[in-house]
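Spelled out from the first residue to the last, the chains are:
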Amino acid sequence: MTSESEPIVWTPERLRNRLMSWHRIFSVSAGAAAAILGWSAFLPLPWEPPLTRAAHPQPLFHVRPAMAVAWVLLLTLITATINYRYRRHAASSPPPAADGNGLSALDMSIPDLQRVFDLRAEAALSDKMISLPMFVSLILQPEKSRMRTVETVSLEGRVIVQDVTVELSLSDALLDDSWERREASEAGGDDRSGHGAETGNSEIYVPILNCPKKEMIDNFRVRDREGRDLDILCYEETIQLISSSLHFLIQAALRESDPEMMSLDGIDRAEALFLMLICGNTTASQKTTEKTIQAGLSHIGINGKGDDEAQTVTWLREFLRTLAHAFPVVAVVSEIDVSRRLQISYSRTTIPPNKSKHFRHWLRLMLGLRPVTVQMSPGMAHNSKSYHLQVKAPDSQYLMEQTLRCAECGRKLSSSEIEADSRGGCEHVRPSGDGEPYFQLLRKRGQHYAHLYMRGFAGLQRQNIRLTASFGEVPPGTLASAAITAVTSFLLIGAVGVAETTRLARDSDIPAVLLVIPAVAASWFGFVSDTEAVLRSSLAARCSLILGGFTSIAASVLFIVSGVVQQDAGDRPAAAGQTGQTGDSTIVLGIGVGWWWSTLVYLAGANLVYVLVQLVVRSNAYRRLLRKEALFNDDTVT
Amino acid sequence: MTIQSHREAGAALKNDSPDGIYVVEPIEYVRSSSLPDNELLKNQEEVKSLLRDTRKSIRGRTREKISQAIAAAIAEVIKDQEAERSAVMATRRRSA
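Protein chains in written order, with this note's numbering: chain A, 1 to 638; chain B, 1001 to 1096.
Just chain B, with the same shape it has in the complex (with noise of 0.2 Å):
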């Protein structure tokens, strides 16, 4: 089954606020599409194997390994939006 991409809740709607009228917005966001059962939450057994998993990976990873890789995710984000400065910088430029 395909999942289609999602909505956010609230999302632009050509009679979003029309005049005079009170419009009350989605208390809730609400995904565009509903998601497949997942079989894995429906076996007990794989989900207390599952949980006894996760929680020795919890327990396992050392401060040290993860201030590393949060140093890596940061400088992946920098590196990211430096990439797309200059993009925009040189999209301005051109259209100038």
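Just chain A, same shape as in the assembly (with noise of 0.2 Å):
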């Protein structure tokens, strides 16, 4: 039967299982041997006399200690090996890069591309064709017909939370399409649509969104003014939309090239050549992007570049910019006013990446703490009149410091202070006239939140700006908890200490277990609180709680010890020079219990002090914000 069998393929995959398997053998084998080492490095062995019998001939070479070195290389072996192994899982490849290599991204194949021609013609049975206008405009300039955009961002447990809304108006001259429906009905006689050529009341549809590609949307959601959800275009409807208003914008630039240039072929062949470049599944570089275009256009007989072309082509080639990085989101809106102004709101969930290098951050992380400074870029102000951006933390927090910087240089930017070209070197001057663009942040005042207010942006190149919010914990927050701790184990140790350098008389073993107290105490406070939280600043309060926890329990350990020792020493008095009591002192570890004690009570008074200090400060702090006197916000930028 095994010569009959078919010989292994070693295949990646196979050769892959293969060394999993080898890595839990070794796992087992490792730990079944860090095990043996163990037990024999640091307990008796059946056969060996006891260790109480000192009168057993010792051997010359003991390899109890040798033993032990290896128990330790093994573990740490086994643990630099798992901890790989984890590392290797966790390492995120980037995702190749478009033209990575220098060669083509446009990927489809001949039916995925015959699919989308089929689309295209479905649509133009379809009532979509009387949106394509709109369609085009909302997404080459959505700040044309974007009012007011808000964009709030929440800290929400480990998630952040962003939620936009969009006010839009919507021009009536892409709007009017009662003499489009009538034309679809008559000339189709097939309304596909059902009820818009009876009605009159044809569903729009909105691009609320132009996502980068590859991006993923979490939990999105999107609803209108009353708060109902809607639907979204599902990706074949929208790529219906997108091939017909390529060929709309076709069409339109066509009017102003040579007709004796073009051919219906060649307006096929850019078509095919341009949708490859937008419904192709990776992104296109840059040089891809523009050669591609470049080559589409000369098949449908536009050649020239620059300053003297056509708006009709400059709306082509920017619309096939933009779609080659970018895919919308379009929501369907079946109802609208007389005043043609739509409210859309959508939100989406995000896990934002925590990289911490530096020690003070790494070791946040080490204390189960989480980065405080949120960085965000107010992008969306070029796409809407007036932008408001709200940055908000949860209840139990305050907004600390608030800055927006400019990205390229790190300068803090002062009030209405813009960035006049971010490209060539950065220049931040100060606009004058009538006072656009104009951006202002509100003044802290102890809120749980940022909030930045943007106008006049939309015709601007984009600014390269970052606002940087920092939150801290309420006061008193765990900083007041910590300082109970504080204070409570500074007492205990200190009177226990005091008991014990001055030989007072033991009663009891009470004093052992009220000296844990503090670290009970320490382990609730600090660990059981704000577990969910995005953010959590209380690196004081969290260090203090640990050196508080520690001094305690060895403070109880001590307690025990050196009681055991004091016991030992009167039962056994010949030996009270080496370990015991020697005339006043108890000596543990060689140390007397005198500077024990005294070594914990400077730890615990040390830490008091510490976030004594911290409490104070950050109260003030805090409490300064309260009090601000509510001035015009003419210089809020800090």
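Hints were generated in silico from the structure; no laboratory data involved. Don't be surprised by glycine CBs; every beta carbon is placed ideally from N, CA and C.
Just the calculated beta-carbon pair ranges, DEER-fashion:
1. A:Glu-401 x B:Ile-1078: 50 to 60 Å
2. B:Lys-1042 x A:His-89: 51 to 61 Å
3. A:Arg-445 x B:Glu-1045: 49 to 59 Å
4. B:Ala-1071 x A:Arg-88: 39 to 49 Å
5. A:Ser-334 x B:Ala-1075: 36 to 46 Å
6. B:Ala-1071 x A:Asp-231: 35 to 45 Å
Derived DSS-like pairs: lysine-lysine, alpha-carbon spacing no greater than 30 Å straight-line:
7. A:Lys-287 x B:Lys-1079
8. A:Lys-385 x B:Lys-1042
9. A:Lys-287 x A:Lys-213
10. B:Lys-1048 x A:Lys-385
11. A:Lys-385 x A:Lys-444
12. A:Lys-214 x A:Lys-291
13. B:Lys-1042 x B:Lys-1056
14. A:Lys-444 x A:Lys-628
15. A:Lys-213 x B:Lys-1079
16. B:Lys-1079 x A:Lys-214
17. A:Lys-291 x B:Lys-1065
18. A:Lys-291 x B:Lys-1079
Given two chains presented individually in distinct reference frames, assemble the corresponding complex, making use of the accompanying hints.
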């Protein structure tokens, strides 16, 4: 049977599985070896005489220290191996960059492209055509229709929730569709939309978000003004709109070109190239994008490029550039009032990365804390006439710092100071005249959010600025818990230490139990509260709780050990010269017990002073914010 | 007016991912500069005429013609890829 079986083919998958089985064998073997070595190094073996029998002859070479060293080395090896395995699984392999090897990223197949053209033919029979001008306008010039955008970033649990509310004012020129709907019903006779031609109440397709390709949108919801959920077009329906809009823009561009230079076959071929750019699964590089656009335009007889380019060609070019890097999310709006105004909200959740390489940030993570600073790019200000950005922390936090900085040079921008040109070196100038563009930050008054207002950035070159907001815990918070723990720890250790060093008689072991109470409190206060908060800023409190718990446990252990040593010294006076009572003091690990108590009292006192100073300083800082006068916000970028 | 080259949303910044800070990336693609207005879209009659032409043009395309165009476009891309691959290989050989 074995000779008839197929030979094993070592595919990468099989090899990987094989390696995993080797890993399991190694883990089990190393774990068993570590267990045996650990026993041999630290515990008596069955055939060995009891350690208390000193009369037994001692061997020349002791194997126990060697075994202990081997045990430590093996344990280190196991830990490193397991850690490596976890790191290898956790390492995020960066997605292959488009054109990373210098090749084109256009990878659509003939059936895929044929399907896109079929979808476009279906769209030509539906009432989606009447939405094309508005669709194109909202893709390319969202700032013309977006009156107000409010973006709220809430730090909730481990995730960050982004809520965006957009108020749109749609142009009548782009929305009047009665003529077209009538034509559709007459020409097609196939009213696929069903109700549109008869009721005159067609749906409107509003692209609300140009999301960068490959961006995973989590928990995405779209709502209207009344909070009702809105439908979103699926991928194929969106492709219908995109491919039809592309043909619409090509038709517009052809009006400006020489009719002798174009052919129907050339148009189809150009559209195939453009749709490969738009619908491909990979994001093409800028070089490929420009090359493909130019190749497609040459097929339809448009070769010019530069300042004298027609507006329609420029729009076609920008449409392709935009959709080569982003894909629109299109909401379906079934009702619109006479004012032509819409309010659409959407939300998503995101899990922010947390890079912590500096020691301070590494220590925060090790202590179960997380960053307290959030940085955002207010890029949507360029797609709206006015823009509000709110960064909200939990109620238990307050805004400590807020800055608006140029991401290029790191300079903090003052009120209404903007970048003139971020590409050729930073120039920050104050605009004159009508006061636009303009931005303002809400003053800090102890609130738990930062609020940035921007106006007039829509017509500007994109500004490379970042809002940074830092939050702190509202006092007293866990600092008060840490202070109470530190006081308790200091008093108990001090009292027991004084009693021990003055050699008061011991009547019970209750002090050992009492000394542990601060450690229990530290565990409770420090690790139960705000477990799920995305911001946990109480590094001082956390350090104080850990130090207080450590000193309390150490004091309890010292109390027990010193008692045992004293009792042992009383039973065996002959051994008093080595460990035990020597004259007036008890010796533990070669040091007098009085010094041990002094050290612990000192640590508990230092911890108490540290946490009290932190509590006073932070409480005063917070109180100063609360008492701020309500001044005019003339210089609020602080 | 010159339209400057676009910049991708979330493009790498000098201070893109500072240490110990949550960086919330922009949700939306933002072009680096605004577009000039398209006068064509402001003229309702022109828009109607253009939509009519678009609809007729799409309906006038036959599946066979489109298939030929797709095949030609894909052949063009493959040819381009081959040329790029040859150029890359030649560059690697030279550098080796």
